[in-house]
Amino acid sequence: MRKKKRAQKIVFKSEKDVPLMAMSTGTMLHNKTGAWRNIKPVIDLDNCIQCGICWKFCPDVCIFVEDELPVIDYDYCKGCGICAEECPTKCIAMVEEEK
Amino acid sequence: MKKEKKMAFSLPEEELMNSGHLACQGCGAALAMRYVLKALGQKVVLCIPACCWSIIDGQFPYSSLDVPIFHCAFETAAVSASGVKAGLEMVGDTETTVVAWAGDGGTFDIGLQALSAVAERNDNILYVCYDNEAYMNTGIQRSSATPYGAWTTTTPVKHFKERPKKDIDAIMAAHRIPYIATASIGYPEDLFRKAKKAKEIEGTRFLHIYAPCPTGWKSRPEDTIKLARMVVQNATFPIYEIEWGEKYTLNIKLKEKKSISDYLKIQGRFRHLTKKEIASMQEEVDRKWERLLSLVNSSREKDQIPS
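Going down the list, the protein sequences come from chains X and F.
All the letters of the first sequence, read from the start, carry residue numbers 1 to 99 under our numbering.
All the letters of the second sequence, read from the start, carry residue numbers 100 to 406 under our numbering.
Keep in mind that the hints are not guaranteed to be accurate.
Distance condition first, Cα-Cα at most 30 Å in a straight line; then the derived DSBU-like pairs of lysine-lysine [as the list claims (entries may be wrong)]:
| id | chain 1 | residue 1 | chain 2 | residue 2 |
| --- | --- | --- | --- | --- |
| 1 | X | K99 | F | K317 |
| 2 | X | K90 | F | K104 |
| 3 | X | K56 | F | K298 |
| 4 | F | K105 | X | K90 |
| 5 | F | K137 | F | K296 |
| 6 | F | K137 | F | K295 |
| 7 | F | K356 | X | K90 |
| 8 | X | K56 | F | K295 |
| 9 | F | K137 | X | K32 |
| 10 | F | K325 | X | K32 |
| 11 | F | K137 | X | K56 |
| 12 | F | K137 | X | K40 |
Don't read these hints as lab results, they were simulated from the structure.
All chains should be modelled from the sequences, with the hints used to inform the complete structure.
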């Protein structure tokens, strides 16, 4: 299930646009946290047993399921390495990010 | 590629948390929120005092959650939630679950009087405490949830914390509230079941979630889940439920209780401990575990005798 939500930056053009109380008007999706990481997970799909453990333990909600296989959204992955550590078949490798 | 097989999901697929939040790498609190929201669904109001989650959620005018959030003062998480619930009932909304979501500082120290007042009145709220064992948000200061021997910025290595962790579950049990549960993010299915069960119960429900913090515990971010599982396996943080302050149920039974030294070894905050101090910690853990087992056994015996 892939999310259809779009990242949108909110700009208040005048003070009339600003809500009267502090309330949220958009999601944090504009904040691309992928820039934080220096190692990134790469899934070897041949060895994947589709257990869903990487999806379950991702704190950044950036592992999605497409065509019954896990896909990592590199825009948001912070590179914590939980998926690689918890994968039962060790098919996720953490590789150095190329700059 | 094996596409004929279906992906196995042990939790519902619906996400109420968005990517792009401001948690550190490998944050346990972010996972706790993800699992609890999966269980509670869309009809939720969160009351968040000053804690890590007031930062993780994002700055104005953004929010990383798809549910309404009310940021309240530090010491008022429980009473704010109780006020929101009363307001909702006035306008005829009885379905919405009101959740007070506080860290360990807002529960064990600063918010304790508000929590105690709400528990005494048995107001209809769900109080969730995600426990990362110090004031992580403001820079790792000691709280009363910090365990014995831990390093924090206010209890440096030479003067590490010498008092054990406060037993908040026993304090809440003494209030005789309908439901108290401890959970760990290392066991998401158990946490999900407990949040779902708490949603159905009327009255004050207290959920104590163990959420490791790699930044403050000086552990590797990938060890978050491992730590959350180890802490249950070595009985430092047993997983159990208390109903009406009396009926204790142990949810995860241990085949063999592991030693705590492996758990301490992978955290930098315990690096300075000597063997003697670790042995005394192990003794304390064993004593607490025996006490819990006797409580569980005695409440099981009470069940069998028809009164």
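We went through each hint and held it up to the structure:
1. X:K99 to F:K317: It holds: about 27 Å lies between the C-alpha atoms, which stays within 30 Å.
2. X:K90 to F:K104: Holds - the C-alpha atoms of K104 (chain F) and K90 (chain X) are around 19 Å apart, at most 30 Å.
3. X:K56 to F:K298: holds, 22 Å
4. F:K105 to X:K90: holds, 20 Å
5. F:K137 to F:K296: holds, 13 Å
6. F:K137 to F:K295: holds, 9 Å
7. F:K356 to X:K90: Cα-Cα ~27 Å, so holds.
8. X:K56 to F:K295: Answer holds: K56 (chain X) to K295 (chain F) is near 17 Å, not above 30 Å.
9. F:K137 to X:K32: holds, 23 Å
10. F:K325 to X:K32: holds, 27 Å
11. F:K137 to X:K56: holds, 11 Å
12. F:K137 to X:K40: At roughly 27 Å apart (the allowed maximum being 30 Å), K40 (chain X) and K137 (chain F) satisfy the hint.
Violated hints are absent here; each numbered hint is respected by the structure.
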